[in-house]
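Undergrad: Chains as they are written, first to last, in full-length UniProt numbering: chain A, 1 to 271; chain B, 1 to 242.
Keep in mind that the hints were calculated from the coordinates and are not lab data.
Please note: incorrect hints may appear among the correct ones.
Said to hold, decoys possible - Think about it this way: if two alpha-carbon atoms lie no more than 25 angstroms apart in a straight line, the pair counts; the simulated DMTMM-like pairs of lysine to aspartate or glutamate are: (1) A:Lys94 - A:Glu67; (2) A:Lys78 - A:Asp243; (3) A:Lys218 - A:Glu145; (4) A:Lys248 - A:Glu196; (5) A:Lys174 - B:Asp217; (6) A:Lys162 - B:Glu70.
Claimed, not checked - Listed next, with one range per pair, are the computed distances between beta-carbon atoms: (7) A:Gly199 - B:Ala215: 34 to 44 angstroms; (8) A:Thr69 - B:Gly225: 55 to 65 angstroms; (9) A:Lys99 - B:Trp224: 20 to 30 angstroms; (10) A:Gly199 - B:Arg219: 17 to 27 angstroms; (11) B:Leu223 - A:Arg186: 24 to 34 angstroms; (12) A:Glu171 - B:Ala152: 27 to 37 angstroms; (13) A:Glu170 - B:Pro135: 38 to 48 angstroms; (14) A:Asp93 - B:Tyr150: 48 to 58 angstroms; (15) A:Val57 - B:Pro135: 30 to 40 angstroms.
Claimed, not checked - Interface residues of chain A toward chain B, partial, derived using beta-carbon atoms under 8 angstroms: (16) Arg150; (17) Leu156; (18) Ala160; (19) Ala203.
As the structure is a computational prediction, the values presented were derived from the model and not from experiment.
For every residue, glycine included, the Cβ atom is placed at its ideal position computed from N, Cα and C.
Residues per chain are reported as follows:
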Amino acid sequence: MAKIIVVTSGKGGVGKTTSSAAIGTGLALRGHKTVLVDFDVGLRNLDLIMGCERRVVYDFVNVINGEATLNQALIKDKRIENLFVLAASQTRDKDALTKEGVGKVIEELSKTFEYVICDSPAGIEQGAHMAMYFADEAIVVTNPEVSSVRDSDRMLGLLASKSRRAENGEEPIKERLLLTRYNPERVTKGEMLGVEDVGEILAINLLGVIPESQAVLKASNQGIPVILDEESDAGQAYSDAVDRLLGKDVPHRFLDVQKKGLLQRLFGGKE
Amino acid sequence: MSQADLLDQDPVFQLKGSMLAITVLELAHNDLTRLDQQLAAKVAQAPGFFSNTPLVLALDKLPSGEGSLELAELMTLCRNHGLRTLAIRANREEDIAAAAALDLPVLPPSGARERIIELAPAAAPEKPKEPEFRPSRVITTPIRGGQQIYAAGGDLIVLAPVSAGAELLADGNIHVYAPLRGRALAGVKGNVSARIFCQQMGAELLSIAGHYKVAEDLRREPLWGEPVQVGLTGDVLNITRL
Ligand SMILES: Nc1ncnc2c1ncn2[C@@H]1O[C@H](COP(=O)(O)OP(=O)(O)O)[C@@H](O)[C@H]1O
Ligand SMILES: [Mg+2]
Numbered sequence: 001m002a003k004i005i006v007v008t009s010g011k012g013g014v015g016k017t018t019s020s021a022a023i024g025t026g027l028a029l030r031g032h033k034t035v036l037v038d039f040d041v042g043l044r045n046l047d048l049i050m051g052c053e054r055r056v057v058y059d060f061v062n063v064i065n066g067e068a069t070l071n072q073a074l075i076k077d078k079r080i081e082n083l084f085v086l087a088a089s090q091t092r093d094k095d096a097l098t099k100e101g102v103g104k105v106i107e108e109l110s111k112t113f114e115y116v117i118c119d120s121p122a123g124i125e126q127g128a129h130m131a132m133y134f135a136d137e138a139i140v141v142t143n144p145e146v147s148s149v150r151d152s153d154r155m156l157g158l159l160a161s162k163s164r165r166a167e168n169g170e171e172p173i174k175e176r177l178l179l180t181r182y183n184p185e186r187v188t189k190g191e192m193l194g195v196e197d198v199g200e201i202l203a204i205n206l207l208g209v210i211p212e213s214q215a216v217l218k219a220s221n222q223g224i225p226v227i228l229d230e231e232s233d234a235g236q237a238y239s240d241a242v243d244r245l246l247g248k249d250v251p252h253r254f255l256d257v258q259k260k261g262l263l264q265r266l267f268g269g270k271e
Numbered sequence: 001m002s003q004a005d006l007l008d009q010d011p012v013f014q015l016k017g018s019m020l021a022i023t024v025l026e027l028a029h030n031d032l033t034r035l036d037q038q039l040a041a042k043v044a045q046a047p048g049f050f051s052n053t054p055l056v057l058a059l060d061k062l063p064s065g066e067g068s069l070e071l072a073e074l075m076t077l078c079r080n081h082g083l084r085t086l087a088i089r090a091n092r093e094e095d096i097a098a099a100a101a102l103d104l105p106v107l108p109p110s111g112a113r114e115r116i117i118e119l120a121p122a123a124a125p126e127k128p129k130e131p132e133f134r135p136s137r138v139i140t141t142p143i144r145g146g147q148q149i150y151a152a153g154g155d156l157i158v159l160a161p162v163s164a165g166a167e168l169l170a171d172g173n174i175h176v177y178a179p180l181r182g183r184a185l186a187g188v189k190g191n192v193s194a195r196i197f198c199q200q201m202g203a204e205l206l207s208i209a210g211h212y213k214v215a216e217d218l219r220r221e222p223l224w225g226e227p228v229q230v231g232l233t234g235d236v237l238n239i240t241r242l
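So here's chain B without its partners, still in its complex pose:
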């Protein structure tokens, strides 16, 4: 293989399957006037309820015999209420054609969604298999101020006190079965599901995937000094009793 061929194979992108929480507007009747009124009523109840909200317009539940739908008009109406159409869900020939004319993606009718998400990763190029088992790093002696321990590619397990001024780092989880008085940074390469477990939380800093809390905040925690686990929800560090 030539140099150029090798370069060609170097991936410039990655396909990822993702579950997005998205609003679906399922149209029960082909009546844009009433839709307009009812959407306006909804927005009046809760101003700002929709603001540039991504939307899938579901036309597949429309009863047959309600006549043909003005898709462009429907989209404008939705847009006026803060809903922005990303795609439609449809099964009628004419709706699919109307979407194609507007260059709008068409999703298969409801019930077939699961299949899409399964299909997406399968379409991605096959990556070399990652090793399934990465040994944890286990430390049994006290970690003193000025010392730094890093568990690359896995978990860090410490069975002795971690002093103020010491720093623990792990790509995976961090467990401390003793007082933790130093800094602990789990998921340092961005693993947002990494966690920190410790028997006595007196840390100078706790961080997961770059989201951290410093001692000033930690000391105000009701769980200061207690056995806790630390996890990430969104970009908020959650500290809960073990």
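Chain A on its own, in the form it takes in the complex:
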């Protein structure tokens, strides 16, 4: 049975797409057949981050409308075995994502994939609702600031009440917190919430803390998921998160301010 995982947040620009791409890629790297599904109809940037935007012929909405088969629409990753992308439509309306249509596609994907990663749009409207409706697990992407934490909290309420599992009275969606764009220095200065503060407010399992990193922007500009940049702090943090997702007990890193060495202090260090 496939695991349906939604990457969601409520708030926009917190790192959902970045995280979907990194985690999906990490799962495929570890040998699990994975598909990334972009629910952000109208914006479509998962394919950009994955570097496959030039190979999009058919998209998610085409499949829902029966204009293309799933096999026609799935884009195979060039770098990694077992990794596929189902792009969002740039031209269609968000309401094209009907419960019935999405349900059919998810069901079909479940037959051949181990992991279905649903990259949710921002907000709590139709697109976001459809992305989480069929989920077994949720990765709630949150930035260490009050408004993002509030929106995530709200989304957790919807996960617990408006999903298929909730409506059928099944075991609830497994919720995990992914704290992204974490900047320990700013936390120390009191400009951002600390990981303990966010954990206390949201009271869910912590999947990982991804540091604020130049590597993310660099990777997304090149169309390479940041997890493939093994040297980078963000890449390593995502890698740890994937291991935790697979049940490994990995200690959290990048939570504290890095003490800069003398040379680094004199000449300035890379992030």
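Using the hints, position chain B with the ligands against chain A.
TA: Only chain B with the ligands this time, still in chain A's reference frame:
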């Protein structure tokens, strides 16, 4: 039964027994001149001590043989000092007659009061019996921002955190055995004896029977973040440590 008969039975009023704190002026002597002086002295000590204060004039402790009392004059005297007579308490025939002439109610002598209050509700028409036991609503999962939980007719018990932006409502009490960061409104149908209990008070709003405090005030509370109970005294919300 006809439609009209049914309408006739629809109660337009309700009788309620109530304990009123009321001033009783117990007259020890039939001496209005001295009474006048002594009342004036009392008012001089504490100006505004009496102002339209409702009063029961107790004449039942007057020693026998002090002669007949000018009730109207006594009432005027009291009124001049800010005391307004609602009724008298008396046992002498002549005093009762004087009160009747002034259309003033007469209460039985001291000691019989308890009986009146017992009698009042008994005189009320019998209401259908309310169910004695109303189950509480119990919530074990976190209540998130944007969610609202209402316990109709009873208590609400929450065993998980209540987030900012969440709202708890109950006709009865509210218990939160976790941090309370949202809004909690107990006694929403007007039950002034409802209370709120929580393990960590970080609420956005606390309300009992419509009397509330908002976060701006709550954050100044020394008990912010502490385990507290919240109750209503008069129309003041009292927050005390649990
Ligand atoms: N850990 C990070 N460090 C620095 N920038 C980041 C990080 N995560 C995301 N970003 C940047 O934040 C922006 C929004 O990210 P994105 O994944 O598109 O968010 P969402 O899908 O939630 O709208 C992008 O410009 C991305 O490069
Ligand atoms: Mg996105």
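Undergrad: Compare the structure with the hints numbered earlier in the document and write down the numbers of the violated ones, lowest to highest.
TA: 5, 6, 7, 9, 13, 14 and 15
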